[in-house]
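Asker: Given chain A's structure and the hints, the job is docking chain B onto it.
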Amino acid sequence: MKLRKATLLAAGSALALGVSAGAASAETLTIVSWGGAYTMSQQKAYHEPYMEMNPDVNIVNVDKSANGLAGIRAQVQAGNVTWDIVDMLEGPAMTACAEGIVEPLPADEILAEAPDGTPPSEDFVQLRECFVPSIVYATLFAYNKEAFPSGDYPSTVQDVWNMDAYPGKRGLQKIPAGNMEWALVADGVPMDEVYEVLDTDEGVARAFAKLGELKDEAVWWSEGAQPPQLLADQEVSIATGYNGRFFNAQVMEDQPFELIWHGQYFELDGWVVPKGKLTDRVKDYLNFATDTQRLADQAKYISYGPARASSAELVSTHAEAGIDMKPHMPTSPENFQNPIPKNAEWWADNGDAMAARFNAWLAR
Amino acid sequence: MAQADITQDTGADGRLDKLTTADGTPLKVSIRRAMRRNKLIAFGLTAPLLFFIVFSFLMPIFDMASRSVENHQIPEAMPRTVAVLEGWNGQEVPGEAAFEALALDIQEGQRTRTIGRAATRLNYQEAGMRSLIMGSARRADQLEPPYKQALLEVDDDWGDLDVWRLIKRESGYYTASYYLNAIDLTYSDTGEIVAQPEYRQIYVMLFVRTLWMSALITGLALLLGFPVAHLLATLPARHANLLMILVLLPFWTSLLVRTTTWIVVLQTEGVLNDMMVWLGVISDDGRLQMIYNQIGTIVAMTQILLPFMILPLYSVMKGISPSYMRAAKSLGARPPVAFWRVYVPQTIPGMGAGGILVFILAIGYYITPALVGGQSGQLISNYIAYHMQQSLNWGLAAAIGTILLAGVLLLYATYNRIVGIDNMKLG
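These protein sequence lines map, in sequence, to chains A and B. Residue 311 in full-length UniProt numbering is what sits at position 311 of the first sequence, and the numbering runs on without skipping anything. Residue 316 in full-length UniProt numbering is what sits at position 316 of the second sequence, and the numbering runs on without skipping anything.
For reference, chain B alone in the conformation it holds in the complex:
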């Protein structure tokens, strides 16, 4: 910016280093200096946003993700036991030293009220660990040496080898068990990784369901959105504006309102069923179940996400000059051929943008499936919410969430590889 008063004629780029500005500094240095100042100003302008994103977005995500492996409850609440078990071979129930450590940990944990956290943590792994530990903690002041006998008197489950193996396995500051749980695996009593019993397998099925349902919703949104966007882009402005309002109005309406409207329309005693009964299409006993199942989720989510497909498509279509179609037709292509071979390829950036928007939004949706999905229409995010709010197993919620996030990033990268993100147009 400064003294770009060049003393010599600029030649080829290679000679730039020989050039100097009026005050004698080499041009290269001068330009770099000017650029640096520009960069600093640019950074200064974006810094608030950057800090905002780091503090309100990246750090919470990192914090949440780190919960999926954190396991500080056990080593913090039971330090003595963990230390003693380090040298234990895991072949038979440990001796008095381990029981003494355990008793002291429980006594101190009961005083400082931290033992409950370890009990909660271990209970995720094995039902019954909570009452075993809390039951012993309630009688902590009665524990006296020899501790092994004392603890076995309180609860003979302390003589169970698997209990000790479990404590030893979960004694590190980090654990993989949340991730295993999130893909329907678990540890066997002897510590090998095995599949969950069939009656507890759920998450793999949910991940698969979330993926195919999101893909289907994206496809439906494209199918429904394409003609609408085309109409919007080709109609004269005053009609198009009216139609645009019809697209935007639901977009601005609360998600909850739109979802509950679908309940009114689709339920067995609802508008649609009533109408079909009245028309004689179905009998009064044969009312269709269209909500509280996958159909409900698919219908409601397609409608709710439709604007995210229409708007990018519209903006791309708006930019396509009608002269291409005219040229194709004048060169002899019939309208369907011209549309398919000339018009549609030009809308691909819009389809890509709309598709990826809808798909990624759908993959993380949870309010709509929670309200209209019944059981078969629940998605993986409903279980993340469930573990955040109901079961309070935040580690498991974090593990499922991190897998989902990684999956989305992977899909995004694949998309970029195949279609190219530069080919995407949001407006």
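Okay, chain A solo, but in the shape it has when bound:
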């Protein structure tokens, strides 16, 4: 009994120490990310080397990025922020920034320069006021070769809509973003005019009409692990999914998948710091974890492109499979020929309205 009391007391005071900034011993950094293979790649590329350099720091992973914005909002509103750093997509990060629930991150003050001295503000793909990108990832179509025994494989977004030539169900993500852009591209809109067309009511109606052609053949997914599974089970012949997940299935599990890089829909993922958490320790970690070498290192473990220009050349081979990672990067020149960059601002504005319409469209 006495022992338990002592343990409790110790635990309590440790907690109190951990909360008050600048506690000397065993500092805990709570880092929120996506879980699975992605958190693993961060663990290997960032967390482990950082903890090795700073033995008094303990990094705790929390797999809550899927509800990151909701979590930060709830914690800030409750006045009890327990997350130190959160991995988030660019769009939600901008929303969080506008609401004042994440800290502004002055890049040139906090972040590391490129090895040749290029300041961070020029080296990163796209810095935002409160957001430091770490990877570029793509959502794109992929197919199972076994689903097309004739050997004629789809290679463009238009082919995905061609049910006669490429029969089978389509696995699509249950959100409007991406699907609407692809529908317009399949309907003949040039990739760089997609958002101009979407800005009009007729354009939105046109996207939904084109998407309607796939509706009867669609299997809707919501978790990143689903599309490789759907393809492997041949529940669908073509599916959209994250390029990193497809890479894993292709290379690590030897699945007969091919990616359609035409029309890859790419967006940025990176770090935000919840309000009141921009301590020296967090700054130090961000400086380390987003430097040129570290971003290149992450590509050893997962096939997402580093969000710094200077990291591209340092991308090497996969840590386990030993294959060259460059051809699997969304940002490599061969793959980057016809990309659709996600317009985070357009989606921040129209996301609610599109989601409402998309859900109503799906439900009937």
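To be clear, the hints were calculated from the coordinates, so they are not data collected in a lab. Take the hints with a grain of salt, since some may be wrong.
Said to hold, decoys possible - Residues from chain B that face chain A, not an exhaustive set, calculated with beta carbons under 8 Å:
id	residue
1	R117
2	M134
3	L206
Beta carbons are placed, not taken as given, at the ideal position from N, Cα and C, and that holds for glycine.
Answerer: This is chain B only, laid out in the frame that chain A set:
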């Protein structure tokens, strides 16, 4: 409890006030005192539970429900604009005073980083409000008098009458727009309540679907559960116990495991389809779609909720003496008649309890439909979860949730009125 030493013989109840205890206090007072102490002790014993329920159950529900009408973002982030618009007639775009108030609000909101909340809030009502406000906020320090001209230069949408009407309409601390949204209504540009455009109508249909699917699941659970419960209650104990384990084992298994098992069984390349193809019932191209639609939701939820029907039925049936059936038969009723007219009526309390349990659980289910329901098998709670976690429109989630809660309470009250809650037996 104390000195209940009564000096006089107790007569009729009416004479109680004349009675006194040994020390002379009237009996009535003495009893009341003793009762009060008992009540206090009883309250003291239940107080922890009561506080627990109030803090962990009632207060969160109240807090959540109040979000469905709260609208503090606008009056807090744009106090000057709200004040000026109070005296505005809403007929034409307001003058310099309103634009000045707006510009000052935006400048201060940008400094304190609160303007984004108002932008998010207004964007629920009208797509594009976020970029209008945030775009102006990014250039807040360049805003100088005359503000009307300055703001119109930043974005000519500020010259749109509907934008101002929207701000005025949503300027109170409370709003009805979440509730309107939750029943597929909205405000028109001029402020009348109208139906949502057809391509955005969804929630009424979902409420209706949730109700009929829950009713169907309850009916199926009763149909399947009744014979099982009857068997459990009538078999000799050692067989019954074995069967009971079969009922309880799935009950104790994780919900997720049971749901994913149904995916394995029902999917197009799954066990059931494979078996039917092998038996030649269907062709390989004609595999049935039994999951990711309403069928999937109904099958999986019926199985998952079945124990909630079987257990109350079982406990009621266990208490029915077999002598009633024997008596009926000896009086000449044939077994089906005896069963239907003597046995079944006695199980009604069990059916009521099981039915209401299953129905209320089904109405709020969301993990199972989310996993196996595809699109046509989604229930209203999936959209509450969606607005809590994905769209982050907590006001709308609260409004839908409150409507659902009110609906359940209403059904419960109706049930009580018709069947009587005393007639329900949970064990």
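Asker: Run every hint past the structure and note whether it holds.
Answerer: Hint check results:
1. Here the hint on R117 (chain B) is kept, as its CB sits about 5 Å from the closest CB of chain A, short of 8 Å.
2. A cut of 8 Å between beta carbons decides the hint on M134 (chain B): the least distance to chain A is about 5 Å, and the hint holds.
3. Annotation: L206 (chain B) was flagged as interfacial toward chain A, and the flag holds, the nearest CB pair being 7 Å apart, inside 8 Å.
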